[in-house]
Amino acid sequence: MKRELIKFICFSLFVMLMPSFFKGGYLMNVLVFVGINTMLAIALNLLLGYAGQISLGHAGFFGLGAYLSGIMTVTYGWNPWQAMPVAAIAVGCLAYLIGFPILKLKGHYLAMATLGIGIIIYIVFNETYDLTGGPSGLSGIPNLELGGIVFDTDVKNYYLIWTFTLAVVLFSINLANSRVGRALRAVHDSEVAARVVGVNARLLKVQVFALSAVLSSLAGSLYAHTMTFISPASFGFNFSVELLTMVVIGGLGSVYGSFLGAALLTLLPEFLRSANDYDIIIYGGLLVIMVMFMPGGLVRGIPDLFKKVFKTKGGADHA
Amino acid sequence: MSLSLLSRGEMQFDQLLQYTLSGLSTGAIYALIGIGFSIIYNATGIINFAQGEFVMLGGLFTLTCLDLLKLPIWAAVPCAVVASTVAGLLFERLAIRPLKAPTPINLVIITIGGSILIRGLAMLAWGKDTHSIPSFSGDDPIAIGGATILPQHLWILAITVIIIIINKYYFYYTISGKAMRACAYNRRAAGLVGIDVRRMVLFSFLISSAMGAMAGIIVAPLTMTAYDVGVMLGLKGFCAAIIGGMSSGMATVVGGLLLGILESLGAGLISSGYKDAIAFIILLLILFIRPQGLFGKADSERV
Amino acid sequence: MNCRVISYLFVAVTIMFSTTALAAAPIKIGGLFAVTGPAAFLGEPERNTANMVVDEINKAGGVKGHKLELVVYDTAGDATKAVQLTTKLIKDDKVVAIIGPSTTGETMAVIPVAEKLQVPLISCSAGSKITDPVKKWIFKTAQNDSLAVGRIYEYLQKSKQTNVAILSVSDGFGASGREQLKAQAAKYGIKIVSDDTYGPKDTDMTVQLTKIRGSHVQAIICWGTNPGPAVIAKNARQLDIKTPIFMSHGVSSKKFIELAGEAAEGIKIPSGKVVVADQLSNSDHQKKSLMSFVKDYQKHYKTEGDHFGGHAWDAVMLIKNAVEKGADSPQSIRDNLEKTRGFAGIGGTFNYSPQDHAGLGKDAFVLVEVKNKDWVVVK
Numbered sequence: 001m002k003r004e005l006i007k008f009i010c011f012s013l014f015v016m017l018m019p020s021f022f023k024g025g026y027l028m029n030v031l032v033f034v035g036i037n038t039m040l041a042i043a044l045n046l047l048l049g050y051a052g053q054i055s056l057g058h059a060g061f062f063g064l065g066a067y068l069s070g071i072m073t074v075t076y077g078w079n080p081w082q083a084m085p086v087a088a089i090a091v092g093c094l095a096y097l098i099g100f101p102i103l104k105l106k107g108h109y110l111a112m113a114t115l116g117i118g119i120i121i122y123i124v125f126n127e128t129y130d131l132t133g134g135p136s137g138l139s140g141i142p143n144l145e146l147g148g149i150v151f152d153t154d155v156k157n158y159y160l161i162w163t164f165t166l167a168v169v170l171f172s173i174n175l176a177n178s179r180v181g182r183a184l185r186a187v188h189d190s191e192v193a194a195r196v197v198g199v200n201a202r203l204l205k206v207q208v209f210a211l212s213a214v215l216s217s218l219a220g221s222l223y224a225h226t227m228t229f230i231s232p233a234s235f236g237f238n239f240s241v242e243l244l245t246m247v248v249i250g251g252l253g254s255v256y257g258s259f260l261g262a263a264l265l266t267l268l269p270e271f272l273r274s275a276n277d278y279d280i281i282i283y284g285g286l287l288v289i290m291v292m293f294m295p296g297g298l299v300r301g302i303p304d305l306f307k308k309v310f311k312t313k314g315g316a317d318h319a
Numbered sequence: 001m002s003l004s005l006l007s008r009g010e011m012q013f014d015q016l017l018q019y020t021l022s023g024l025s026t027g028a029i030y031a032l033i034g035i036g037f038s039i040i041y042n043a044t045g046i047i048n049f050a051q052g053e054f055v056m057l058g059g060l061f062t063l064t065c066l067d068l069l070k071l072p073i074w075a076a077v078p079c080a081v082v083a084s085t086v087a088g089l090l091f092e093r094l095a096i097r098p099l100k101a102p103t104p105i106n107l108v109i110i111t112i113g114g115s116i117l118i119r120g121l122a123m124l125a126w127g128k129d130t131h132s133i134p135s136f137s138g139d140d141p142i143a144i145g146g147a148t149i150l151p152q153h154l155w156i157l158a159i160t161v162i163i164i165i166i167n168k169y170y171f172y173y174t175i176s177g178k179a180m181r182a183c184a185y186n187r188r189a190a191g192l193v194g195i196d197v198r199r200m201v202l203f204s205f206l207i208s209s210a211m212g213a214m215a216g217i218i219v220a221p222l223t224m225t226a227y228d229v230g231v232m233l234g235l236k237g238f239c240a241a242i243i244g245g246m247s248s249g250m251a252t253v254v255g256g257l258l259l260g261i262l263e264s265l266g267a268g269l270i271s272s273g274y275k276d277a278i279a280f281i282i283l284l285l286i287l288f289i290r291p292q293g294l295f296g297k298a299d300s301e302r303v
Numbered sequence: 001m002n003c004r005v006i007s008y009l010f011v012a013v014t015i016m017f018s019t020t021a022l023a024a025a026p027i028k029i030g031g032l033f034a035v036t037g038p039a040a041f042l043g044e045p046e047r048n049t050a051n052m053v054v055d056e057i058n059k060a061g062g063v064k065g066h067k068l069e070l071v072v073y074d075t076a077g078d079a080t081k082a083v084q085l086t087t088k089l090i091k092d093d094k095v096v097a098i099i100g101p102s103t104t105g106e107t108m109a110v111i112p113v114a115e116k117l118q119v120p121l122i123s124c125s126a127g128s129k130i131t132d133p134v135k136k137w138i139f140k141t142a143q144n145d146s147l148a149v150g151r152i153y154e155y156l157q158k159s160k161q162t163n164v165a166i167l168s169v170s171d172g173f174g175a176s177g178r179e180q181l182k183a184q185a186a187k188y189g190i191k192i193v194s195d196d197t198y199g200p201k202d203t204d205m206t207v208q209l210t211k212i213r214g215s216h217v218q219a220i221i222c223w224g225t226n227p228g229p230a231v232i233a234k235n236a237r238q239l240d241i242k243t244p245i246f247m248s249h250g251v252s253s254k255k256f257i258e259l260a261g262e263a264a265e266g267i268k269i270p271s272g273k274v275v276v277a278d279q280l281s282n283s284d285h286q287k288k289s290l291m292s293f294v295k296d297y298q299k300h301y302k303t304e305g306d307h308f309g310g311h312a313w314d315a316v317m318l319i320k321n322a323v324e325k326g327a328d329s330p331q332s333i334r335d336n337l338e339k340t341r342g343f344a345g346i347g348g349t350f351n352y353s354p355q356d357h358a359g360l361g362k363d364a365f366v367l368v369e370v371k372n373k374d375w376v377v378v379k
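Heads up: the sequence lines are chains A, B and C, in that order. Using the working numbering, read the first sequence as starting at 1 and increasing by one per residue. Using the working numbering, read the second sequence as starting at 1 and increasing by one per residue. Using the working numbering, read the third sequence as starting at 1 and increasing by one per residue.
Hints were generated in silico from the structure; no laboratory data involved. Be aware that a few hints might be false.
[As the list claims (entries may be wrong)] Pairs of lysine-lysine residues, derived as BS3-like cross-links and limited to a Cα-Cα distance of at most 30 Å, are as follows: (1) K128/B - K136/C; (2) K156/A - K28/C; (3) K100/B - K106/A; (4) K91/C - K156/A.
[Unchecked claim] Derived DEER-like restraints, expressed as beta-carbon distance ranges: (5) M250/B - G198/A: 53 to 61 Å; (6) C10/A - A183/C: 55 to 63 Å; (7) K67/C - P98/B: 45 to 53 Å; (8) A183/C - A125/B: 40 to 48 Å; (9) E304/C - F293/A: 40 to 48 Å; (10) I144/B - K379/C: 53 to 61 Å; (11) K307/A - R188/B: 56 to 64 Å; (12) K64/C - F271/A: 33 to 41 Å; (13) N238/A - K379/C: 31 to 39 Å.
[Claimed, not checked] Covered stretches of chain A (in silico footprint by chain B; criterion: 3 or more residues with CB under 8 Å from a CB of chain B, positions within the stretch not fixed): (14) 112-125; (15) 247-260.
Ideal Cβ placement from N, Cα and C applies to all residues, glycine included.
When you get a sec, could you build the whole thing from the sequences and use the hints?
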């Protein structure tokens, strides 16, 4: 536990010192989105990595958070700080309700059901013109404000978003190491065995599903208040798949893995930008190669790589 | 008054007939793609998200054969199928087989990466434009009752039926087909009785990429084709396969047709904007009531 | 704020200094185009055109001794990316003006950034709300949807076809057109009898058309971009629908005729003049610009230039004119842009003013029809 704490403190320091390297340049803006994506990847990882339940519809919950926040602040003039928790609770309730029938399903049936939920939510964003502005999107969403500071620049947003993200990281680490986390892993390994030792597997799965949706919704609200503009295209099936990719590439069942996956997949397109039209090919190719050579994800793959490098150099065995 | 009622009823019948026919022809395509999903799933346990890309490749290779190589359509189609199948085999060899730890989720990500890669290559090769391909036998509408279809629709239905029959024959009356069914039931046991499981995996990619390509070719004259058509069609095919309980036989065909008809009736009778949502809501309800799929594991033939 | 002014002064002084010195510093312009993704049909010709025009200006010696330098990024049609890249263009590349983005959704998303960082942005997308209300730093070159809708409705009103059906694609382009179609109907005495949509990736629209056929309308208006409208044209032919079909300027290129084939015959669309450039009379103000654009594009890219590319052509030229009048900072380029009068470009004749940052009048669109596999002006 103490090791975990030291790790977390190092990570927080790393995150908080980041801006001083970039001096407010454009990369700051990308790092804001790394923060949001990290939060989303962790949310999905709780479900997929810890409880072993797949979801291909998480972009939907992300979008619901963004739209509920957006609509409440733009159309009804709420304060963003009120809208955010209300949106999160509403999305949580929704997920809790649909969680019961959906999580009865397994494997590819579950994949398809969550995919369906994601697509239905997406279509609702597109079709309810009066509420959401339809495909042209919703603009004029206010920035968050705290004690006179308006979060309207990249640097301010960076600290805002990463404060939330770090809170989510800490919460998830604690959850994973708690009784609940152990129960979840039991469900992951064998649902029947978990039941036998007294875990209410069904309820637990639904609760994690709802929790995951709440975190996604929170990320969505933050996204809406940072971007000040949202449109359905950001919350489609493609983004659900991208989230899934972040979690797997980063490493299943690892909070820091989710960060690595989110950071890599958010930053990669920036580095590939100079490759013009070839970027999509390189991106696809890298995904394949990475799964091939780091099947456990970055979080396990990178240390392995170091070990190999040291071994070939004839250094001491670090294992 | 009764006369007007009658004509009104007639008109609505015509409309319904048209909706159904439209739904059936789109559904047939979903079914073909869905069967491709199932074949690979059963042989390997992989949900191949790159399946839609073979649909795209089929259409675009046909375009190349017609425009660049100036082949007649009857020669272009087999050439395009062969070319797409080679792409499928390469995909299996280069991306699936070398995998060190083939957990299902890793395989899913590999196929996602592969589909992005194939799509990118296609974008470079054929550009971002949409392309049209001539119909196999003209564009003169054929009237059926009060509804109309095109000769191409007949081609779609006929080719779908033929492929399903060939499929059935292959899986039940040939040695390699039976071997593949054995793999589907129990891969380890199949390996123990001397079946080369890895070869069967390669075979499954061969068959399903050929089928996907065929689906892409027969539908292209109606829908046109571009480097990105595979995404949506692949998704729909995936749904068809799930409704059919991942069977590579009739159940998936029914699944595809059902999805096609649900969409077109939803668009025609309720709302065109919500048509996909309507189809998905009904599918979800089906899954909630029957979590083991529409046909259940016990009844469905999992090839 | 002070800091900004000082930095501008600094930039201005350095540039002034360097103009008097041997080589003038290049003027950096940013380009944000959806070169990949679903809006690539917009972004690709826009990027190609912008590159082409800038090259040609530089070959001819630049503007007042300055070379132009174009920094282009691909937004892939994604609003998040567009916002990030706008920041990148302004903060890292230090551009003095931005051309793009390609779609209305992306433009709406980047407006707050350009406004806050005070760099003029000339959007290449059509949504009316981009410049309505007027925003200080935002201009646009694409013709407003409302003008296109007005063209169709005028024609329908004249030919007394008042009952219409709408079939629009469910993306930003279709939604914006649908909104305008509904908003302006009453003004022209048009009644919208049925209102349907289809998905951008849908492959069969016979169902919507069957429904429309049942409602006995006098005209069908379809709002979308390739390939959807081509599928609709083919489906309408399959169903033997004789009702006149109108489409949007979104299909105003030869590509549509190529895709829809026979089925395109007789379809009318409001279009920028570029598709009928060679049919215009020599007295047309735009003729010179149009012909030079069409010829150059053919020479560089071996395909037909369309009016989407034209939006970028206009934007580069507008900036060039502003620089020619002695502007080299974001502020002065913005001010000069606003003073643009009577610039005959590809999209129409531009007259910007403090009240109007769209700058085009009704004459920007002509109604054209497909006849014998080519676009012909409807008299």
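Do the hints match the structure? See the list:
no.	hint	verdict
1	K128/B - K136/C	35 Å, violated
2	K156/A - K28/C	28 Å, holds
3	K100/B - K106/A	25 Å, holds
4	K91/C - K156/A	16 Å, holds
5	M250/B - G198/A: 53 to 61 Å	44 Å, violated
6	C10/A - A183/C: 55 to 63 Å	57 Å, holds
7	K67/C - P98/B: 45 to 53 Å	50 Å, holds
8	A183/C - A125/B: 40 to 48 Å	43 Å, holds
9	E304/C - F293/A: 40 to 48 Å	46 Å, holds
10	I144/B - K379/C: 53 to 61 Å	41 Å, violated
11	K307/A - R188/B: 56 to 64 Å	33 Å, violated
12	K64/C - F271/A: 33 to 41 Å	37 Å, holds
13	N238/A - K379/C: 31 to 39 Å	46 Å, violated
14	112-125	holds (count 9)
15	247-260	holds (count 3)
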